Every structure is written in C-alpha cells, then in structure tokens.
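Residues in the sequence shown are numbered from 192 upward in steps of one, following my numbering.
Note that these hints are calculated values from the structure, not bench results.
What you are looking at is a predicted structure, and each value in this text was computed from that prediction instead of being measured.
Any given hint might turn out to be false.
[What the hints assert, rightly or not] Computed spacing ranges between beta-carbons, pair by pair:
1) Gln452 to Ala212: 39 to 49 angstroms
2) Ala401 to Glu288: 37 to 47 angstroms
3) Arg291 to Thr450: 41 to 51 angstroms
4) Ala401 to Gly294: 44 to 54 angstroms
5) Gly310 to Ala421: 16 to 26 angstroms
6) Glu436 to Ala378: 35 to 45 angstroms
7) Arg291 to Ala378: 30 to 40 angstroms
8) Pro252 to Gly284: 17 to 27 angstroms
Where a beta carbon is used, it is the ideal one built from N, C-alpha and C, also for glycine.
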Amino acid sequence: MGFGAMRLPAGTFQGPARDPAAGVAVLRRAVELGVDHIDTAWFYRRGGVAANELIRTALAPHGDGLVIATKVGPLFGSSGVPGGQAGPDRLRGLVEENLRSLGVDRLDLVYQRVGGMTGPGGESVADRFAALAELREAGLIRHLGVSNVDAAQLAEARAIAPVAAVQNSFHVHDRGGIELLAQCEEAAIAFVPFFPLGGGRRPIDAARLARVMARHRATAAQIALAWLLASSPAVLAIPGTGSLEHLEENAGAGRIRLTSQDLAELAELGD
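Construct all of the structure, not just a fragment, from the sequences and the given hints.
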C-alpha cells in the first residue's frame, strides 16, 4: 500500500490550498503505518503549498527503504489545470525541478505522463521516453515508468529502456486496463492505478459494494482498495488524501483478505 500526494496541497486542482502542517502530519503518519512508496509530481501544488516540498519537509533525508515516484510531461497553467505536454527538450528541466523541490540528487522513479485527463490516445511516446532514458543513463533517475498509456505505447517505451511501472486509471468500477494489467504482471512490471477510488471523476458506489462491506465490516474505500490489491500481485495501490482520518481508513484496506465469494461478487460490478 503506497500513498498518492496529489491531495496534499488541495482537495482538487482548483480548490483552496490546504494547511501545509496538515500535509506534513499526513506524510509522517503514512510512513509510520508502513507506507514505503509515495507518488508525487512537481505540479501537485496550489498557491504556496507544493507536494514535493511537503515531502522534503516531512521526510528528508529519506532512506533506501522509501521510494518516491514522480512524473513529468503535463504543463499546467495558472488555473492549475493541465494545458499541454512538454516535448523532449523540456523534460530535463522538469526532472531538475523535481530534484530541487524534493531535495535529492537522484529520482527513484519517473513516469512519462502521456496525454491529458482522458484515456490513452495512441500517440508516439518514443522521443520523450528516449529523453528520459538519457537522463537515467546520466544518473539523474533510477527507474522509468509510463502513465496513461496503451499496450502499443508501453511496447514502444520498453524497446527504448526498461519500464519499471505503469500508472493508469483502474478501479473496481473502471477496469478498462485489465488487459494491460495482465501484460504488466507477465513482464514483472508494477501496475499502479491512479484514482484508485475514482478521484472524484467516477466515485466508488458504496451501494454496489454493500454486501462485501457488511461481511468485512469495512468501508467502501477499504473494499475497493482490497479488491485492487487482490486483483494481481503486480498492483501497487496509491490512494491519496489530505486527511489523517482517511489515511487510517485507507491503510486498513491492507488487512482485508477477500474471499472467493467476495471476489466473485465484485467481478460483477465492473464497468
């Protein structure tokens, strides 16, 4: 069970900034609960509050047991909404922004984030991924990943350099990436669903999970996360929150062991 840092600066891209002290507290508690993978990005910021800087304040210097993943590609305007994608010539500058804001000499994992808020679009990733591969060879990045990609884009990236992780939209009601998940499992590539609880775009429907929730005396979020973790050994869940209460709730999903009956029922609740 990992942690997604997107919600630390604000509840939404356009929402008011949160108290930085609350974000620091959430990060420190996450690590206390056993989180060893934090997903962030330089552009996770609102006003004067930035996720990377909260991570640096709360956790630096982080040891080898904690992986901090980030992503580059989207360009954000003053509204806080993605407005374009960086070309290969701009990726080094974006990587260096992450290095500076996290206060590290090398990034553990960098995703090339493709496209906007819609699903994978089939565009070529080769030039941009090759630019990141050069930065990996230069020692600025340890591992590379791709995000919001289809099978052809993943294959294109793997032909250039090893891919350690894929980050795509995927949750109990949105299983459009199930075939790609199977490919990742076969290739020993981590599959890291973003918006594992819907991200406000397609919230988890508690009524549809009610019977499984009752059997485990668990919340809808916990069952949805437990389903993700049970769906494949390749899955790494990264639910995000700016709330200590929700953090504790999400962490509790790691203790739930779904039965074959649970999984059969949940299999009927996909798209």
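For each hint, the structure was consulted:
| no. | hint | verdict |
| --- | --- | --- |
| 1 | Gln452 to Ala212: 39 to 49 angstroms | 44 angstroms, holds |
| 2 | Ala401 to Glu288: 37 to 47 angstroms | 45 angstroms, holds |
| 3 | Arg291 to Thr450: 41 to 51 angstroms | 48 angstroms, holds |
| 4 | Ala401 to Gly294: 44 to 54 angstroms | 45 angstroms, holds |
| 5 | Gly310 to Ala421: 16 to 26 angstroms | 24 angstroms, holds |
| 6 | Glu436 to Ala378: 35 to 45 angstroms | 37 angstroms, holds |
| 7 | Arg291 to Ala378: 30 to 40 angstroms | 33 angstroms, holds |
| 8 | Pro252 to Gly284: 17 to 27 angstroms | 24 angstroms, holds |
Violated hints: none; the structure is consistent with every hint.
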